[in-house]
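Chemist: Sequence:
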Amino acid sequence: MIKRKLKIVFIIPSLKAGGAERVMSYVAQHIDRTIFNVTLLVIGYKKDCQYQVDNIKVVFLNKPRVLKSIPNLFVFLFKNPPDIAISAIGHLNTVMGLLSIFFPTSKFVAREVNVNSVLKEYSENKPIKCFSLLSLISKKLIDKIVCQSNDMAKDMVLNFKVNPDKIIVINNPITDNFKVKKEDHSLPKVFFKFITIGRLAKQKGHLRILEVLKELDFPFHYTIIGDGPEKENIFDTAKKYGLSNYITHIPYTKNVEEYLVQSDVFLQGSYVEGFPNALLESCAVGTPVIAFQAPGGIDEIITDGLNGFIADSTVDYVNKIKLLTQNYQNWKPSVVRNSIYNKYNSNKILKEYENLFVEILN
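Once you know that position 358 of the sequence shown is 358 in the numbering used here, the rest is easy, because the numbers rise by one and skip nothing.
These are computed hints drawn from the structure, not numbers from a lab. Accuracy of the hints is not assured; some may be wrong.
Claimed, not checked - Straight-line Cα separation of at most 25 angstroms, DSS-like style, residue types lysine-lysine; simulated pairs:
1. K239 <-> K202
2. K193 <-> K166
3. K193 <-> K181
4. K68 <-> K140
Keep in mind that this is a model prediction, so the values were computed, not measured.
Could you put together the complete structure from these sequences and hints?
Modeler: What follows is the structure, encoded as structure tokens:
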């Protein structure tokens, strides 16, 4: 039985806006301080920080890329040997797995963030063969791999030949910021506010949401929150479909909860996810969701007819929007929230991380 506090270092590429960064920094700040001595190690720059981090030690390496930080990572771990090092995002996980060779008394945990075999089909950069090989080697060296969804865990076993005993599924938590909204009594509604939150990248499927919206025959407004390489293509397509006047674009906001509360339906177009934070957060505030069928935890979050719908095609998506909006008075915010709260509340997820950290050392 371990009597002293366990030294854990959480390692992330940056504290820029992103789901992995937010979840890792949240877990680092909120795990039991009577059991764990926590340090958050950030590869990037302090000036880029988008998330407030309180009550734990934060170290910035001030490096532009993970590759350039490897000597600094080694020195930090050598001078501050942890009981456990947990990292997130593929390329950083690869580096940490390889560095683990030099620190045999520490346990290394990698938190994966995507169903990688599907994601690579939509990636702007094709993987370099030697790096793919290093990634496979690294996965064998890592002590434990945290997957956010069952789809991700299956992908690790089937496509990356990871031993199932090395994998644990821990979903993303609903953080304390997301409270259920008040029920709207000004019904029936005739005007609807849709929202999508996520990086403007091919795998997020914004273009197929636009394909859906151009088929709607009732008044709506669509808010897109996020930025990324597909921005020009998305808004050129919106213009081609005559949708420009119905869209508001917000590249970044710290007020995600506020926008979700003000919206009527969350629309997701993704071809692949890890475990979609924004989808989960929409349900947490009581805003129903519609998503395309895709790997990455979507069918773990959405219960058809209870908190939203999963669509199999563009035509099906259009029909699901019409079905939801025509019966909007039946969608109670408290019911939508309760459908996911017991499974993904922060207390439950934090306890799963704490149990993992204790058990991996026993």
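Chemist: Compare the structure with each hint and give your call.
Modeler: Against the structure, the hints:
1. K239 <-> K202: With Cα atoms ~18 angstroms apart, K239 and K202 stay inside 25 angstroms; holds.
2. K193 <-> K166: Status violated; Cα separation ~43 angstroms.
3. K193 <-> K181: Between K193 and K181 the Cα gap is close to 15 angstroms, so the pair holds against 25 angstroms.
4. K68 <-> K140: holds, 23 angstroms
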